Amino acid sequence: MSATASVPSATAQPRGRTRRNTELMLLLLGLVIIMGFYAAADIALTKQVTSSVFTLPLLLAIPFLAAHVAVRAWAPYADPVLLPAAALLTGMGVVFLRRLDLVPDPYNGIDEPELTTAAGRIDFPLFAGQGIRQYFYVLGALVLFGLVLALLKDHRILSRYAYTLGLAGLVLVALPAILPASISEVNGSKLWIRLGAFSIQPSEFAKLLLLCFFSYYLVRKREVLSLEGRRIFGMVFPRGRDLIPVLVVWGAAILILVFERDLGTSLMYFGLFVSMLYIATQRTSWILIGLSLFAGAAVLAHTLFSNLQLRVMIWSDPWPYAENESYQLVQGLLGMGTGGLFGAGPGQGQPEKVPYASSDFIIAGFGEEIGLVGLTAMLLVYLVIIARGLKVGLTVRDAFGKLLAAGAAFTMGLQVFVIVGGVTKLIPLTGLTTPFLSYGGSSLVANWIVIALLIRISDTSRRPPPPGVTAPGTGGGPAKPDRLDHAPTEVIKL
Amino acid sequence: MPEIVFTVTRFGFLLLLWVFVFAVVRTIRNDAYAASRAGKVVAAPPSVGSPPGGRRAPRVARHLVVTGGELKGRSILLEGAPITMGRAPDSTLVITDDYASSRHARLVPREGEWYLEDLNSTNGTYLDRAKVSGPTPVPLGVPIRIGRTSFELRP
Chain A
1 MSATASVPSA TAQPRGRTRR NTELMLLLLG LVIIMGFYAA ADIALTKQVT
51 SSVFTLPLLL AIPFLAAHVA VRAWAPYADP VLLPAAALLT GMGVVFLRRL
101 DLVPDPYNGI DEPELTTAAG RIDFPLFAGQ GIRQYFYVLG ALVLFGLVLA
151 LLKDHRILSR YAYTLGLAGL VLVALPAILP ASISEVNGSK LWIRLGAFSI
201 QPSEFAKLLL LCFFSYYLVR KREVLSLEGR RIFGMVFPRG RDLIPVLVVW
251 GAAILILVFE RDLGTSLMYF GLFVSMLYIA TQRTSWILIG LSLFAGAAVL
301 AHTLFSNLQL RVMIWSDPWP YAENESYQLV QGLLGMGTGG LFGAGPGQGQ
351 PEKVPYASSD FIIAGFGEEI GLVGLTAMLL VYLVIIARGL KVGLTVRDAF
401 GKLLAAGAAF TMGLQVFVIV GGVTKLIPLT GLTTPFLSYG GSSLVANWIV
451 IALLIRISDT SRRPPPPGVT APGTGGGPAK PDRLDHAPTE VIKL
Chain B
1 MPEIVFTVTR FGFLLLLWVF VFAVVRTIRN DAYAASRAGK VVAAPPSVGS
51 PPGGRRAPRV ARHLVVTGGE LKGRSILLEG APITMGRAPD STLVITDDYA
101 SSRHARLVPR EGEWYLEDLN STNGTYLDRA KVSGPTPVPL GVPIRIGRTS
151 FELRP
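First to last, the sequence lines map onto chains A and B. Under this note's numbering, the residue at position 248 of the first sequence is numbered 248, and the numbers go up by one with no gaps. Under this note's numbering, the residue at position 104 of the second sequence is numbered 104, and the numbers go up by one with no gaps.
A couple of the hints might just be wrong.
Calculated pairs, DSSO-like style, for lysine-lysine (alpha carbon to alpha carbon, straight line, at most 30 Å) [unchecked claim]:
1) A:K47 x A:K153
2) B:K131 x A:K221
3) B:K131 x A:K153
4) A:K190 x A:K425
5) B:K131 x B:K72
I should point out that these hints are in silico values taken from the structure, not numbers from a laboratory. All figures in this text were calculated on a predicted structure; none of them were measured in a lab.
Isolated chain B, as found in the complex (with noise of 0.2 Å):
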């Protein structure tokens, strides 16, 4: 077996090695860069495009965006069904904050607005600085804070 097969062998394992290396970073660099192109391209607000049939009105809130805290940037869909918000894994909005309560508060639609509704937190939820004590209707870009989570409505 001459010499210069082993030399191959050797180097060319070493070399396919590092290519694996590189394989697998770039696989997480691409999976970095899509997760945060999804995430802005949820959290923008929708292009202007005419809606369908044209007869909802202009400002209805579509996202609930979260501002501040753990999970800032992230955004939930509005889609008619009451959003639910604390430490409960089953809540809509999973708020891993010391100050959240399991059950804290919720959104719910009415009437093509959303109410607020504090659930009997222990700390309390604020729109806009002022304590929630019974359903309050909330208006676009005013934040609702819950612990040191906060979020707001947008289109």
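So that you can see chain A by itself, here it is in the shape it has in the complex (with noise of 0.2 Å):
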């Protein structure tokens, strides 16, 4: 050992900048067209403006500032693109949510009578229905990703809790079908835990408390994972044994299906593992494994359950059932195409029309307010939360972050992929929450972790090595105008 004491460069690239700044306009300019939204619509309902267009868009302003400061103290070198993109759809779903206040809904009719004044206009206080409930969620969420910025130093802490994690998150997983349904089910199924005016979907939760455990378990396992197996066809084969864990989730996920009875929860634990699992080892030959086991368990369950087979026969062909089975379905398909390319305007179609227009079906609802050229543009921003979630995943040293980041990235992707695909009749449809568009402080509580995760990891992976401290009077190492030399060529040059 030499006899030096300094801390090695450990760095890639070092970049110095923090690119905070270009967060900061990214933000202003969402919160701008949140701020168009919202009076566009507001003006479009009430026929009338008042000073009140302002006061929600700058209510939202409040909680996504303060996550700005928040990242500027506790993770300088994130990625600059996360927070604004989620900050903006999050925003338009309030906005939406609270647009959906102001015209009756004849499938949720809490406040119907008092809608309109005397004066025959469109009325209603903002700090009534579910706009300002999901602001407050918003806050909540806010709230939590602060803490975690500022709690969370390191992600690789949470490696060290990895199995208490994945215990917490199999008890949130098999709860809602352990209790009674008087508490766990809404609409059929029974993913739900009620407590009195209460109601939280911990499934969210789990799938973050199990992509921490995936994460650790496979880090410690991958080798055992890529390195054996016979090769067919070009691809490597795992072997028999070594098939055991993704055997296991897989009758975990069918156990999901059957005592929870929703598709979406249940592939979405799946599909998290198998990706987990294709990140980990780089073998093509788990995708193809994951895919078949899951048809396998997508034919039996067709067979078995008469609630897919109605939701099979209700995609492939929804028309002839348009009034009963598949209304829901078609109501968003008819509000989509009314809305053709450039959308009937913000405020202007009628969303309220399809039941479940604030969760299920939101993206319908924005498909006719704004059109394809709205929608695809709203879908780039979940392209660019993702496309960075992987790219953080790429670009951080440790394993545990690789898998975390990448993880997180693809769990949103596929839940985007699979609600959207489902009411654009790409898909059957099944229950996902649209990730932090639809109405409920549960999905959006988690996928503010889930940026806040990300944030940090990227902060991690963007954060220039700390300068070699070389301890006095050490002798074997470069004198110290070396290191002095140096640092201005790299700064002038960036």
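The task is to assemble the complex, starting from two chains supplied on their own in separate frames and drawing on the hints.
Shown next as structure tokens:
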């Protein structure tokens, strides 16, 4: 060992730019868009311009700007795109829910009678209804976002509690299945825990916890899972006993399907595991194995559950059942068709005609009001979040962080694909929440925690290495001027 | 409310939405560009400029550049501290390679030269095709190979 005590510079590319100002500019642009969206919808619906047009957008600006300050303070080198993109989608979701409050909802007739004032104008107090409730969920989600950034200084800390987190995740997965239907069942799916006025969807949080556990487990096991195997058709297939973990997760996903009666959630857990297995081992055969296991389970489930047969039936041809079974799907399709290329305009469509326009079918509502052009832009914003998440996974150095980031990004992508694909009749409809948009606290909080984790990991991966601190009076290493003459060239060239 | 207001808000909103998308894409592009430039600056040998004091030997290894494998193109600035290589996350150079051991090898500076030492790895460390057994001095520009990853010392 040499006599030096300096910290080796483990750098790849020294980068001094934090890019926080870029983030602020993008965030402000996003807030302007939210404001424009709300103003357009409000004016179209209430037929008047009042100063209240700015109230909700300004309220929305508070948590997002606070989140920006939190990133500046606790993750200064983080990716500049994640926060503004997620904020834009969240804000548009809140505005859309508020916009739904302004029209009578035929399926949720709580606030119906008082909508129209004597003057014949629509007037609905801001502090009532789903819009403002979603706003409070946003506040809660961003408080947790800040807490994650402030308390979790290094994402690798999570790997120390991997087994605890995994156990907690399993409990959360199993809880709705075990609880009596009176507590956990909503619309035929046992996915909820309802306590009085509160209801949470534990699967959203279980997803996060299991993500941490899978990352840890696969980092430990990936040599075993990737080295051995037989080569068939140019692909290396794993040994029989290495299939056990994937079979266990497959079995668990089927149990979820049987006991909680929700295909989307079950698919999400299984897809999460298989994709992370692929990322960890770089073996294409895992995808093939995963897809064939999924196909087998899907065929089996289709023959066993009438619920699923119905879903497939209305997916393959919704039109004969447009008045009953596939009413929701058909109304959504008609809505998007009415919207066309440019949409009916914010506040000028009739998204409330679709049942569950505020949660499962919020994408159809957006499609009607902002059209294909607007919806494509929103999907691109999702794509940006997912792509940046995968990029974080590529650039971070430790394997746990890689799997965590890539797995989180992939899950979000899968979720968007499943719900948007379902609403647009590309695949059979299953009930998953639309990340950031749909009404509900659990989903919003969980997705903002994902963003916080991605920001934390991207901060680690983009942070320039600490300057090597050479202890005074040590020999062996290069003299101090060496580092000093090297430093300015890098800074100036950047 | 005149119809024109609705039309303007409707299309103005869509336009702004796309402006956001393009702003984001531009940010990402600038980001990638900055990163690749930064990579080049480090990987390239430093410009000639006379070293202060002028007493250092002219051909001293200052960078460890990865020339093959997953981390290709990366470069580590040598600062006199030993460099550890392996799969362990606390290594200086983390090699995610199936054929690397968790503590595979290390580079230790001694009297102005860097010595390569194999830390009892499973698959061995090679210095230009010769398997390294004891501490071996590493000349500039000679490839060191661990699994599928190779690197060399550069001035």
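Against the earlier hints, flag every one the structure doesn't satisfy and list their numbers going up.
1 and 3
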